[in-house]
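Trainee: Use these hints to put chain B onto chain A, whose structure you have.
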Amino acid sequence: MNGTTQPLITVDKVNKRFGTHHVLRDVSTHFNAGEVAVIVGASGSGKSTLLRTLNRLETHDSGRIVVDGIEVNDDQKQLDALRAEVGMVFQQFNLFPHLTVTENVMLAPRRVRKMKRDEAHHCAMELLDRVGLKAHAHKHPFALSGGQQQRVAIARALAMKPRVMLFDEPTSALDPEMVKEVLDVMKQLAKSGMTMLVVTHEMGFAREVGDRILFFDQGRIACDAPPEKFFGAQDNPRIRAFLGQIVH
Amino acid sequence: MTLSMVHWPASWSRQQRSSATMMTAVVVLCVLLWLLALPLQQVSNPIGNNAQYFAEGARVTVQLTVISGVAGVLLGVLAALGKTSRFVPLRWVASLYIWVIRGTPLLVQVLFVFFALPSLIPVLQLTDFSSACVALALNVGAYNAEAIRSGLLAVPKGQVEAARSLGLSRWFTFVDITFPQAFKIALPPLVNNIVALLKDSSLAYAIGVVELTNIGNRIQAATFQPLPILATTATIYLVLTTVLTQISNAVERRFDVEGKLQ
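One line per chain: the protein sequences are A and B, in this order. Under the working numbering, think of the first position of the first sequence as 133, with each following residue one higher. Under the working numbering, think of the first position of the second sequence as 61, with each following residue one higher.
This is chain A alone, in the form it adopts within the complex (with noise of 0.2 angstroms):
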């Protein structure tokens, strides 16, 4: 926590509608600077939406989101220095696949920060050894396995130094031995304070995680509460029915 009041993220009464669809409606809440939020519900319930609104990969139709003091808007300069301060990580990893597992996480600060070959190249390899990548740094993506693939995004995303980390179920796409290695560097991350906010259906990581779950609901966040709670007694039967489907 950096002590401030202020909250990173903050969400007001934001609305998106995909045709007829009501995606998001009056979504408000607030995120702060070294909170572990994680996001969960039914698929088609929104999660994902909000979260990539937050970057603007997702036009918002109403109500306002502001990121680290920047309002979310269509003004192209402040977007790029806004999607610099937050990373992202997609259920389909999303790596370029003609650049090495080096220059995948070399691209962004040369090109955005301005940083010199080798000092990228030097926090390069710093994060690949983080997410245990460091002897497969010369290789391209096609070699690698989706978990080995996904370490690669998260360092990625990280070698931005972003002041958040949007995780969009970045372990669904995983076979199940892939999935723990990448749940390991999120725990890993979450550790080191990055402020975080995880849209998953990994139960176990939002419990032993989380600061925060947000059950997502048709649109609307049902719950917010933090895990014990969460998955405590819980009197909301749409939420029991949700955790009798995923928790077996």
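Be aware that one or more of the hints could be misleading.
[To be verified] Over 10 angstroms on every C-beta distance to chain B, these chain A residues come out as not near it, computed from the model:
no.	residue
1	His253
2	Arg288
3	Cys355
[Stated by the list, open to error] For lysine-lysine, the following DSSO-like pairs were computed, each having C-alpha atoms within a straight-line distance of at most 30 angstroms:
no.	chain 1	residue 1	chain 2	residue 2
4	B	Lys217	A	Lys246
5	A	Lys323	A	Lys361
6	A	Lys266	A	Lys246
7	A	Lys293	B	Lys217
8	A	Lys293	A	Lys266
9	B	Lys143	B	Lys259
10	B	Lys244	A	Lys246
11	B	Lys259	A	Lys248
12	A	Lys248	B	Lys244
13	A	Lys271	A	Lys319
14	A	Lys266	B	Lys217
15	A	Lys209	B	Lys143
Rather than coming from a laboratory, the hints here were simulated on the basis of the structure. Here a beta-carbon is modelled for each residue, glycine too, at the ideal position from N, C-alpha and C.
Mentor: Then chain B, alone, in the frame of chain A:
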């Protein structure tokens, strides 16, 4: 015809082999154009005594191809960007260009640039060679545009999202992420277009450019020996397209990080 890839030392990386092939092919092309007359002189008449003319014709053909090929790729990129632009008038201009060029014969375009354009805009009174270059570049550019556009559309949306989410500007997203991947996808159809261009450059004959086909026909008319003359002309084209294919194969290999090409 990719034999030359195989002969490089096994310890060399894909990039090194690709560079070696490209360099070799370019050198071979230059030497070929420079010294083409020498082997031809060894052949019996009417080839031997006209060797210098064949060599000169081949040089002009390659010049036409290289100049209009480079211009055509640039035009193709611009037109493809125009056609995928969010700015509607730009899309309209690019579509009009592609529609007109693909819908009319190349021969008409060559004749148009040389004969009709000056009466429309007097400043554009170009030499026969320049006219041929302009017409060929415009022509191949339209076909390249469609090849590059298909490449641009084939790059997954997630790539752009990942680049933008890292804070990369639109420009760097295009230069570093979208274009290299699109170009790789567009490369085989682009090579097709360039090989076709080399052969289509023979249409410059119609406005009097003294390129390979023109030379062949002149000698044939003077000697009344069509078989050896036209066979030689065809053989030189075949050699040129073969060297060109070697270069383009090497370029393809350079982009083939996954080792899909064997």
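Trainee: Give a verdict on every hint.
Mentor: Against the structure, the hints:
no. : hint                : verdict
1   : His253              : holds, 16 angstroms
2   : Arg288              : violated, 7 angstroms
3   : Cys355              : holds, 28 angstroms
4   : Lys217/B / Lys246/A : holds, 26 angstroms
5   : Lys323/A / Lys361/A : holds, 21 angstroms
6   : Lys266/A / Lys246/A : holds, 23 angstroms
7   : Lys293/A / Lys217/B : holds, 24 angstroms
8   : Lys293/A / Lys266/A : holds, 19 angstroms
9   : Lys143/B / Lys259/B : holds, 28 angstroms
10  : Lys244/B / Lys246/A : holds, 27 angstroms
11  : Lys259/B / Lys248/A : violated, 47 angstroms
12  : Lys248/A / Lys244/B : holds, 28 angstroms
13  : Lys271/A / Lys319/A : holds, 26 angstroms
14  : Lys266/A / Lys217/B : holds, 28 angstroms
15  : Lys209/A / Lys143/B : holds, 25 angstroms
Hint check: violations occur at hints 2, 11; the rest are consistent with the structure.
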